[in-house]
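Here is what each chain is made of, one letter per residue.
There are 4 protein chains.
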Amino acid sequence: MTSHSTPDVDSIDALVTRIREFSRERGWEKFHDPKSLVLALVGEVGELAELFQWVPADEAREHFADPRKRQRAAEEISDVLIYLLRLADVLGLDVGAEANAKLSDSARRFTAEEFQGRAPEKS
Amino acid sequence: MTSHSTPDVDSIDALVTRIREFSRERGWEKFHDPKSLVLALVGEVGELAELFQWVPADEAREHFADPRKRQRAAEEISDVLIYLLRLADVLGLDVGAEANAKLSDSARRFTAEEFQGRAPEKS
Amino acid sequence: MTSHSTPDVDSIDALVTRIREFSRERGWEKFHDPKSLVLALVGEVGELAELFQWVPADEAREHFADPRKRQRAAEEISDVLIYLLRLADVLGLDVGAEANAKLSDSARRFTAEEFQGRAPEKS
Amino acid sequence: MTSHSTPDVDSIDALVTRIREFSRERGWEKFHDPKSLVLALVGEVGELAELFQWVPADEAREHFADPRKRQRAAEEISDVLIYLLRLADVLGLDVGAEANAKLSDSARRFTAEEFQGRAPEKS
Numbered sequence: 539m540t541s542h543s544t545p546d547v548d549s550i551d552a553l554v555t556r557i558r559e560f561s562r563e564r565g566w567e568k569f570h571d572p573k574s575l576v577l578a579l580v581g582e583v584g585e586l587a588e589l590f591q592w593v594p595a596d597e598a599r600e601h602f603a604d605p606r607k608r609q610r611a612a613e614e615i616s617d618v619l620i621y622l623l624r625l626a627d628v629l630g631l632d633v634g635a636e637a638n639a640k641l642s643d644s645a646r647r648f649t650a651e652e653f654q655g656r657a658p659e660k661s
Numbered sequence: 539m540t541s542h543s544t545p546d547v548d549s550i551d552a553l554v555t556r557i558r559e560f561s562r563e564r565g566w567e568k569f570h571d572p573k574s575l576v577l578a579l580v581g582e583v584g585e586l587a588e589l590f591q592w593v594p595a596d597e598a599r600e601h602f603a604d605p606r607k608r609q610r611a612a613e614e615i616s617d618v619l620i621y622l623l624r625l626a627d628v629l630g631l632d633v634g635a636e637a638n639a640k641l642s643d644s645a646r647r648f649t650a651e652e653f654q655g656r657a658p659e660k661s
Numbered sequence: 539m540t541s542h543s544t545p546d547v548d549s550i551d552a553l554v555t556r557i558r559e560f561s562r563e564r565g566w567e568k569f570h571d572p573k574s575l576v577l578a579l580v581g582e583v584g585e586l587a588e589l590f591q592w593v594p595a596d597e598a599r600e601h602f603a604d605p606r607k608r609q610r611a612a613e614e615i616s617d618v619l620i621y622l623l624r625l626a627d628v629l630g631l632d633v634g635a636e637a638n639a640k641l642s643d644s645a646r647r648f649t650a651e652e653f654q655g656r657a658p659e660k661s
Numbered sequence: 539m540t541s542h543s544t545p546d547v548d549s550i551d552a553l554v555t556r557i558r559e560f561s562r563e564r565g566w567e568k569f570h571d572p573k574s575l576v577l578a579l580v581g582e583v584g585e586l587a588e589l590f591q592w593v594p595a596d597e598a599r600e601h602f603a604d605p606r607k608r609q610r611a612a613e614e615i616s617d618v619l620i621y622l623l624r625l626a627d628v629l630g631l632d633v634g635a636e637a638n639a640k641l642s643d644s645a646r647r648f649t650a651e652e653f654q655g656r657a658p659e660k661s
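Chains as they are written, first to last, in the numbering used here: chain G, 539 to 661; chain P, 539 to 661; chain A, 539 to 661; chain L, 539 to 661.
Calculated from the structure, these hints are not laboratory results.
This one's a predicted model, so the numbers in the text were calculated from it and none came from an experiment.
Among the clues, some could well be false.
[Unchecked claim] Which residues of chain A face chain G? A few of them, derived with a C-beta cut under 10 Å, are:
(1) G565
(2) H570
(3) K573
(4) S574
(5) V576
(6) V580
(7) V583
(8) D596
(9) V628
(10) G630
[Said to hold, decoys possible] A few chain P residues that don't get close to chain A, going by computed Cβ distances all over 12 Å:
(11) D551
(12) V554
(13) T555
(14) F560
(15) D571
(16) S574
(17) G581
(18) E588
(19) D604
(20) F653
(21) R656
(22) A657
[What the hints assert, rightly or not] Simulated restraints on C-beta separations:
(23) G/P605 to P/E659: 45 to 55 Å
(24) P/P594 to L/Q609: 20 to 30 Å
(25) P/R646 to L/P658: 39 to 49 Å
Glycine is no exception: its CB is placed at the ideal position from the N, C-alpha and C atoms.
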């Protein structure tokens, strides 16, 4: 698959491959060391946070029902995802398998009975 | 699909559904307003950044070849991904389609010819 | 002034100097290149965000009236401040003068009349 | 002191007061609940990270010797500082005293002998 073909939008692996090709075609691999990618991820998380910062908490969902605002949120979430998948790829991680393993682990640690309706405390 | 069945680890949609079920089973939807989810995402990005902060930039890739460190990176990347997908789900966004659309848009704006070997400047 | 003497707690410059001495005494200057310091700052911002993530927005102020929680917030805000001042110092910036200049600039751009009660839109 | 008088640029307290006045004059206190301020801080940290992301780690210091880039870094560091001090003020914290207390605590935990030339491990 290249970045020109119709992508399988539901496949993590297809998205990872597409981002890898996109980077390779532009000769951008040289920028993509892990620390730089974490900083790029932080930059996009910052742009995402800016969309939400002054919206009253209980109006946030309806605020983003507006098509233009919804589109902006979609773009920033996408940018975060793209750098996150690129980082995982550079580290040689299968992020889909890892995220599913993490959820299985969390399901064991935070049982529905013990943690019903309450958030785990951060130490 | 519930969070108990064997997941399709390569499907974004299956992962989103699994996270949704995980949250519903614990009654955690009440915590998952958009601003709180962005803050939770920031918390996990912080834990990811901590793994990289003092590693010399040119040793970062080999540093994470160590199995224990690799496992820690996989966990933190997974946590970021889980909150990011949860945020997109709460906003009603199809994040796979959106990320692919964003890549198509970037491919048009940053042509391989014009941006060969150089990063776009942030304004 | 060394890090052992009684500090002038209200002086930015005294705090910057104390952090510089603290780093020098431990031979930590070698870790403090700008990108690493930004990542360390991000790590502390993440710890700060975690304290707030699941607290209902309209209860946050009273939540942190609790002495133990207040203490945790004070520690994380301090950690963010320490890395921020260290970064400015490494870049040779007089952060007190710069922040005051930025406020003067903002006062000109966002006049009290034009921006009364409304937040500037991020482009 | 109001935001119009000549500020004492080295005083944390004067800077906190100036930011408080700036917010009050524009009727922006209503936006400044703690969670919103943390998100605003994250937005500015993101803008700071973007300045550094693609700069090779060992060229970062000289990169910011360029006056225009230095000015951009000064502005973003100032924005982070302003939101951090505003957050501390809203929580009723004396951030200068707290940061000095944190440094005293760190000096006890990380003695120059034991931690000479090596960074404390994050658990």
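Checklist entry - If you check each hint against the structure, which ones fail? => result Of the numbered hints given earlier, those the structure breaks are 1, 2, 9, 10, 15, 16, 17, 18, 23, listed in rising order.
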